[in-house]
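J.: Letter by letter, the chains look like this.
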Amino acid sequence: MVAIVDYGVGNLFSLKSSFEMIGAQTIVTGDKEKIMSADRIILPGVGAFGDAAQKLNKTGLDRVIIEEAKKGKPIMGICLGMQLLLEKSYEYGEHKGLGLIKGEIRPIADVIPKDLKIPHIGWNALVFKGKKSDIFKYIKEGDFVYFVHSYYAAARDKNIIAATEYGAELTAAVQDKNVYGCQFHPEKSGNVGLNILRAFCETEV
Amino acid sequence: MITKRIIPCLDVKDGRVVKGVNFLGLSDVSSPVGLAKYYSDNGADELVFYDITASSEGRALFTDILCEVARTIFIPLTVGGGINTVNDFDRVLKCGADKVSVNSGAIRNPNLIYEAAKLYGNQCVVISADVKRVDGVFRVFAKGGRENTGMEAIEWIKRCVDNGAGEVVLNSIDTDGVKQGFDIEMLDAVCNAVNVPVIASGGAGCIDDFVKLFLTLPKVDAGLAASIFHFNEVSIKDLKNKLAENGIPVRI
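Here the protein sequences line up with chains Z and G, keeping their order. Going by this note's numbering, the residue at position 191 of the first sequence is 191; the numbering climbs one at a time, nothing skipped. Going by this note's numbering, the residue at position 112 of the second sequence is 112; the numbering climbs one at a time, nothing skipped.
To be clear, the hints were calculated from the coordinates, so they are not data collected in a lab. Just so you know, not all the hints are guaranteed correct.
[Claimed, not checked] Straight-line alpha carbon distances no greater than 27 Å define the calculated DSS-like cross-link-like pairs of lysine-lysine that follow:
{"#": "1", "chain 1": "G", "residue 1": "K13", "chain 2": "G", "residue 2": "K179"}
{"#": "2", "chain 1": "Z", "residue 1": "K140", "chain 2": "G", "residue 2": "K37"}
{"#": "3", "chain 1": "G", "residue 1": "K219", "chain 2": "Z", "residue 2": "K117"}
{"#": "4", "chain 1": "G", "residue 1": "K118", "chain 2": "Z", "residue 2": "K117"}
{"#": "5", "chain 1": "G", "residue 1": "K94", "chain 2": "Z", "residue 2": "K32"}
{"#": "6", "chain 1": "G", "residue 1": "K13", "chain 2": "G", "residue 2": "K37"}
{"#": "7", "chain 1": "G", "residue 1": "K94", "chain 2": "Z", "residue 2": "K34"}
{"#": "8", "chain 1": "Z", "residue 1": "K71", "chain 2": "Z", "residue 2": "K34"}
{"#": "9", "chain 1": "Z", "residue 1": "K58", "chain 2": "G", "residue 2": "K118"}
{"#": "10", "chain 1": "G", "residue 1": "K158", "chain 2": "Z", "residue 2": "K117"}
{"#": "11", "chain 1": "G", "residue 1": "K179", "chain 2": "G", "residue 2": "K212"}
{"#": "12", "chain 1": "Z", "residue 1": "K114", "chain 2": "G", "residue 2": "K118"}
{"#": "13", "chain 1": "G", "residue 1": "K219", "chain 2": "Z", "residue 2": "K114"}
{"#": "14", "chain 1": "Z", "residue 1": "K137", "chain 2": "G", "residue 2": "K37"}
{"#": "15", "chain 1": "G", "residue 1": "K118", "chain 2": "G", "residue 2": "K158"}
{"#": "16", "chain 1": "Z", "residue 1": "K114", "chain 2": "Z", "residue 2": "K88"}
{"#": "17", "chain 1": "G", "residue 1": "K212", "chain 2": "G", "residue 2": "K242"}
{"#": "18", "chain 1": "Z", "residue 1": "K58", "chain 2": "Z", "residue 2": "K71"}
{"#": "19", "chain 1": "G", "residue 1": "K118", "chain 2": "Z", "residue 2": "K96"}
{"#": "20", "chain 1": "Z", "residue 1": "K117", "chain 2": "G", "residue 2": "K242"}
{"#": "21", "chain 1": "Z", "residue 1": "K55", "chain 2": "Z", "residue 2": "K34"}
{"#": "22", "chain 1": "G", "residue 1": "K94", "chain 2": "Z", "residue 2": "K58"}
{"#": "23", "chain 1": "Z", "residue 1": "K158", "chain 2": "Z", "residue 2": "K88"}
{"#": "24", "chain 1": "Z", "residue 1": "K88", "chain 2": "G", "residue 2": "K118"}
{"#": "25", "chain 1": "G", "residue 1": "K237", "chain 2": "Z", "residue 2": "K140"}
{"#": "26", "chain 1": "Z", "residue 1": "K58", "chain 2": "Z", "residue 2": "K131"}
[Claimed, not checked] Negatives, chain G to chain Z, calculated, CB over 12 Å:
{"#": "27", "residue": "I73"}
{"#": "28", "residue": "F74"}
{"#": "29", "residue": "K94"}
{"#": "30", "residue": "K158"}
Values in this document were obtained by computation on a predicted structure and should not be read as measured data. Positions of the beta carbon are idealized from the N, C-alpha and C atoms, including for glycine.
Extracted from the complex, chain Z is given alone in its bound form (with noise of 0.2 Å):
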């Protein structure tokens, strides 16, 4: 059972629907008992990072995804909620996150040259860092997923699994043992992302 947290950020109907289609049960909820007895959790999430570490904060849901996550518990945030997984960020002020990952949330606009539009959106192509990431396992270097946003994750080169080149490599994905965390959409990236959905699902527990 893979729980999907619902802490009232963004639609979870495309996400729920695409792990319905790998053949993966999902439960969206912001339910503690529930979230600690699934087998994986989603962390979601569009908008705001100050917005959405408070609304974790209030419900609590912080302390019960750190909980798991430190028991071994498969974790994958997704965007935002990938966002949500590092120490702080820079978003309109300065906000704590999880700190599940090191390093911080910084602006794209310090990083890719002045003409480029932000946010940072459409689709671009993976470049592989490392040793390839589990959840990278049915797909390919130079597969192309779908990107929107306009922070991105400064973290440490031994957790960032893939990047994406937009003038700068910008962070796509991170990883630190059993967490992990896609700037991109899977739920949106047709095959490609529904097979990182897949093999998250695989992931050892």
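For chain Z, the structure is supplied; the task is to place chain G on it using the hints.
T.: Positioned in the frame of chain Z, the structure of chain G alone reads:
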């Protein structure tokens, strides 16, 4: 390298795609789900659904259809038509739409874009503008291109972006349906005025029109078309191969 997007547009009325299509292996040519899946499997980067239904029954049916599409295909979906309030945003986003396109609704209610962007983020709000030259000036038209609002188009589009629109679909009424190519001059003016993605619409008649579009205006992010895809005059696969041959980055 970010790729240029190719976007088929489907008009839906009373739950069916208008302008039937005859694709090989597609038995029901006016099924929104079947057609959406066909395009998704054949290289479309995104889909736009326009609800051209007038009745409220039709609207409810459209929403059902949208949910069905979003359950079946996993590429970005933009929805337009009949978007007049924040509640309309909510209605289609809950069914799996990723972006919502506003046109007449934004003309009638100047706060709509701002309110929606604040709630759902700029990336979710698309301003779709129908623009036509009147005495040498670009003017915004409302009601599906039937009514001249008198507003100067570039200023209008800039204002929409300032209010929070994260993407612009520019439909040139002058080139729409003529199939002689996109409106390069009008698109250039818009590209120079805003720094959000611009989607070209109106005028595509053949593959070379897309090649010319992206080579002449590297700032254009996507090309949108309906009938040439629906009538299989241009296959997205052939189109993308040709773009790649010309050094234009595409997802193949």
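J.: Of all the hints given earlier, name the ones this structure violates by number, lowest first.
T.: Of the numbered hints, 26, 27, 28 and 29 do not hold.
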